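Can you make the complete structure from the sequences, with help from the hints?
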Amino acid sequence: MKKTAIKTAKRRVASAVFIKDLRIEARSRVVTNQVLPFAGLIMVMFAFALDNDDVLQRVAGGLIWLATIFSLFIIVQRSFAIDTSDSALDSLRVAGIDLSAVFFGKAVALTLQLIALDVVLIGAAFLLYQIQVSALGVVLLVTCVVCATTGLGFVGTLYGGLTAGTNGRETLLPLLLLPVVAPVLIAATRATEAALGSSGAEISEGWAWVGLLTIFAAVFGVGGSLAFGPLIDE
Amino acid sequence: MLSQSAPKFSSTGTQATRIVGALTIIVMTWVLISGLVFTPADVVQGESVRIMYVHVPSAWVAYLAFIVTAIASAFYIFAKRHSLGFDRVAGASAEVGVMFMVITLVTGSLWGRLTWGEFWQWDPRLTTTAFLLVTYVGYLAVRRLDGSVEQRARRSAVIALLAVLEIPLVHFSVVFWRSLHQRATILDPNGDVKMDGLMLFTLFTGVVGFTLVFVWLILHRQRTMLLSDLANQSGLDAAILARQNESVSI
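These protein sequence lines map, in sequence, to chains B and W.
Using this note's numbering, the first residue of the first sequence is number 30, and each one after it goes up by one.
Using this note's numbering, the first residue of the second sequence is number 4, and each one after it goes up by one.
Derived by calculation from the structure, the hints in this document are not laboratory data.
Source: prediction; values computed, not measured.
With a cut-off of at most 35 Å between alpha-carbon atoms, the simulated DSBU-like pairs for lysine-lysine come out as follows:
{"hint": "1", "chain 1": "W", "residue 1": "Lys83", "chain 2": "B", "residue 2": "Lys39"}
{"hint": "2", "chain 1": "B", "residue 1": "Lys49", "chain 2": "B", "residue 2": "Lys31"}
{"hint": "3", "chain 1": "B", "residue 1": "Lys49", "chain 2": "B", "residue 2": "Lys36"}
{"hint": "4", "chain 1": "B", "residue 1": "Lys36", "chain 2": "W", "residue 2": "Lys83"}
{"hint": "5", "chain 1": "B", "residue 1": "Lys32", "chain 2": "W", "residue 2": "Lys83"}
{"hint": "6", "chain 1": "B", "residue 1": "Lys49", "chain 2": "B", "residue 2": "Lys39"}
{"hint": "7", "chain 1": "W", "residue 1": "Lys83", "chain 2": "B", "residue 2": "Lys31"}
{"hint": "8", "chain 1": "B", "residue 1": "Lys32", "chain 2": "B", "residue 2": "Lys49"}
Set out below in structure tokens:
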């Protein structure tokens, strides 16, 4: 088969998996009906626990990304639970299609769901924590959200595939994922603080962190596409 | 695929492991006596400097163990013949590495309490070390997942190689975040040694002794893993044979 034909086949598989995952979400509405309220509740609980407007404004960036990462576990487990319940993942595997295309399709679908979640969480932070952002800060914030969620999408799909169908996956996934996403938490929090001007941070300081987020996404995009197949292979 | 034959050895000891074990005992006895009795207390740090004779070699062995895990995993994945021997070496090395990493963190915390006044500081090297520990605890959890030994080998090899990608990212993100750890004190930027001769010798023999402990543990542990895999396989074979006999008798 020619290279262009292989690329086209990969793109078709990736887009089919992407559409399938989003269609399942559109029909089941688990993210909108369960994960979004859960993430919103985390934001409210943080406000109860910290109980100080100044502190909340200062740490708002970190709270947004913590809520995103906690929600990531639920979305990933839900996505792979559907794929493994009727051995759908096994069917994809034995169908002989390129598993790196499945990885990209699922990762992009997950990224899109995380972006939607972050839009709501940032909106909640504006309402609950009274944060403010300048026009230049919005550009940084949007770039940060796209880069950070892309990295989370790749790494979430990779480790979700590993734990799919295994006993104790509910506890194993956070154990494996939390150390890996630590750079995203640090970098996205600092970039968001720079965008919001928390603790006197300058907007220019945020772009270096966005660079780290981009490197993370690139590393796990390439690493994930190579490792996903061997990880889920029987 | 595991060999169906019975294991050729009834214990995990060989002539080589006994020699390594004897050498380990001799070197570690010297380190113990020299570290606690012969070497002087530090001018600034006082008696707490003796923690260094355990802390530095433990950290060295932990990092060495994780490097061995990564290399053995790479050999398993990329070699034409996916030998389970590489997988067992990788798993044994990770187990020993986790143990020495815990010793590193505990001794480092004790030293930090005496020197900095705190058990823990959010310093890049400390934080990266803690993340390294959690990462390899996760690696060991992956090794215990359901599935065949081949599945275990493939999954854990991929996780070990992903850890190689992850660790620099964690380290650099935490370095940007903040820095406090004591800089290297044995060598200054010009390469001149700034340590009492006996202290330095004890430290180096400590590194050699702990490395011998690592080698001895790896040799034994990978053999116990082989025995465990063979025992599981023979149990499965026996169960299959019993079912076949049942069908014949019917």
